[in-house]
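Visitor: Protein chains in written order, with the UniProt record's numbering: chain A, 1 to 331; chain B, 1 to 331.
Don't take each hint at face value.
It does not matter which identical chain is meant; a pair holds if it fits inside one copy or across any two.
What the hints assert, rightly or not - Distance condition first, Cα-Cα at most 25 Å in a straight line; then the derived SDA-like pairs of lysine to any residue:
id	residue 1	residue 2
1	LYS43	ASP241
2	LYS135	SER149
3	LYS135	GLN284
4	LYS169	ALA58
5	LYS43	SER149
6	LYS47	ILE34
7	LYS43	THR252
8	LYS135	THR271
9	LYS169	ALA299
10	LYS62	LEU118
11	LYS135	ASP261
12	LYS62	PRO258
13	LYS135	PRO258
14	LYS20	ILE130
15	LYS135	ASP103
16	LYS135	GLY256
17	LYS20	GLY81
18	LYS43	VAL74
19	LYS62	ASP259
20	LYS20	SER149
21	LYS135	ARG251
22	LYS62	ALA78
23	LYS20	ARG251
What the hints contain is simulated information worked out from the structure, not anything from laboratory work.
Values in this document were obtained by computation on a predicted structure and should not be read as measured data.
There are 2 protein chains.
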Amino acid sequence: MIESPYLLFLGDAPDPLAAKVAQGIRDWRPDMAIGQFRLDGCKADMKLPDLSIADAVAAGAKTLVIGVANRGGVISPAWRGVLVEALAAGMDIASGLHNLLRDEPDLVAAAEQHGRTLHDVRVPTVDYPIANGVKRTGKRCLAVGTDCSVGKMYTALAMDAVMRERGMKSTFRATGQTGILITGDGVPLDAVIADFMAGAVEWLTPDNDADHWDLIEGQGSLFHASYSGVTMALVHGGQADALILCHEPTRTHMRGLPDYDLPTLEDLRDTALHLARRVNPDCQVVGISVNTAGLDDEAAAACLAEIETRMGLPTTDPYRHGAGRLVDALS
Amino acid sequence: MIESPYLLFLGDAPDPLAAKVAQGIRDWRPDMAIGQFRLDGCKADMKLPDLSIADAVAAGAKTLVIGVANRGGVISPAWRGVLVEALAAGMDIASGLHNLLRDEPDLVAAAEQHGRTLHDVRVPTVDYPIANGVKRTGKRCLAVGTDCSVGKMYTALAMDAVMRERGMKSTFRATGQTGILITGDGVPLDAVIADFMAGAVEWLTPDNDADHWDLIEGQGSLFHASYSGVTMALVHGGQADALILCHEPTRTHMRGLPDYDLPTLEDLRDTALHLARRVNPDCQVVGISVNTAGLDDEAAAACLAEIETRMGLPTTDPYRHGAGRLVDALS
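Extracted from the complex, chain A is given alone in its bound form (with noise of 0.2 Å):
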């Protein structure tokens, strides 16, 4: 668990895609960042006050966030003074960068010095079970996706948003480095030992309220070749009460992958139910998100009717139009 408030750190991000980490953490717990550090040239903005590490500090930031990704995903050698003055002034720091802060020795003898902790996300801490598949308590959405990179964790964290707003009792469960770093815990899934993969995501996702609904985030798609096995733990580990099918209309192939045609909503929807019920028979498929970032208006409006016409169930863009509909599927 990653102790908040944050300070948002944005380095020397050459454009705002660059800071996306801090956008994340911007856009879905506002609450949790109390100021931004910027170093010169920074091209990103997420309209905080701009803080000292000594003024962070006294404002009661507990952890420095790295919210910036550079080429390489390295920790640049013009951050290392500010990480340093950050531990040396009683924050503790985290990071999903490829480059972990526990392989850095002046990283490593700050934080042993002053005592302070080093949150790499990419790494799980946890020596999760073997899955049991025991049926367990409470309500739980997953987002499956016909690619990676559809909108799936935005999808949950848009639906998340919206129960708390109505009252509703939820918990966006991130599974993956970016959602980890915005909500301050979660399981690194994509790094977890094969072994493990679908008892960390029971783990993730314990007995609770009969009337609370875990968010799931979802990781790759079963149908793409590199990461399916990813997949298929969240989908039993998950054990889905409701699943919200996530595509991009406008991809022409899967990600990573030149020769793979996307596959349909129609089999997704099949795909993924029939091998969700075998760890819950109730489960449903209940709608679908549609990432219409690459189309007007007009375009978007007209994909969305197509979609809800011909599949039958509740669509929508939570980006453009709200997650209100899925979470009303969901009752």
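With chain A fixed as given, assemble chain B onto it according to the hints.
Guide: Relative to the frame of chain A, chain B by itself:
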């Protein structure tokens, strides 16, 4: 790659079943084992010459393989003297035990002193790539099961043996500890990091001659709530041309999951084929392997006949009747 020939270490095996790794090597790679080493009270016997460490080295043994597992998979204190002696005499040691050789200071020290290698086959030693799904040359056959431990490894080994007898080009590709110890190399798939599972399978089954078959050892089951993600990675990474369905007809529930019924063979056929065709549209289900060890001759014959009629596919128990009909079905 584990160097052969082997000396099979049977230790103080309390019964023959405890020496199943040694038995597998004896059954499937008899040329690789030149002797056995037994301690007082050993209840297993591979019908190989009992050799001292010195005699084994003189006869050319390169590796002592721990062919026995006691309760808990630990390295027994009673074994240590022999293991250190083997290292000092110039042999490597290979083990699939949970208790890793590398975690034992006395064995590590002896290996370093004598320049020998400790092979813990449970631990991956390769940085596997992310799977790319690109079509590979050569042919591949994968065994998929209605459950775990229904005879998938045995089926692949038996088919490989028949193909070698017939002068066909084939390679058994091990994906588990026992298979790796039997054949000397492979991928310990259940210990691979999630993101790299399918890539490890692609790495294990590379481009080959057009008429060469990889017989890929299956793991888990697409229907097993604990391990289905590992199986999925085999189905997508394996790019199978041919699937063999494996089944154990007396099983009353999924192994380790008392609340879970077994899927039907029809469901296994349809589900596995649909997923496998994602990476190889020409994939076919070609035969069925039934482990009839729990049935008498008459019941076994009736069971095989019923399944063959119902499924319309060559159906056999490779242990009882050989794997010839399954190999016939590949062409």
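Visitor: Enumerate the violated hints, using their earlier numbering and listing them in ascending order.
Guide: Per hint list: 1, 4, 7, 9, 12, 15, 19 violated.
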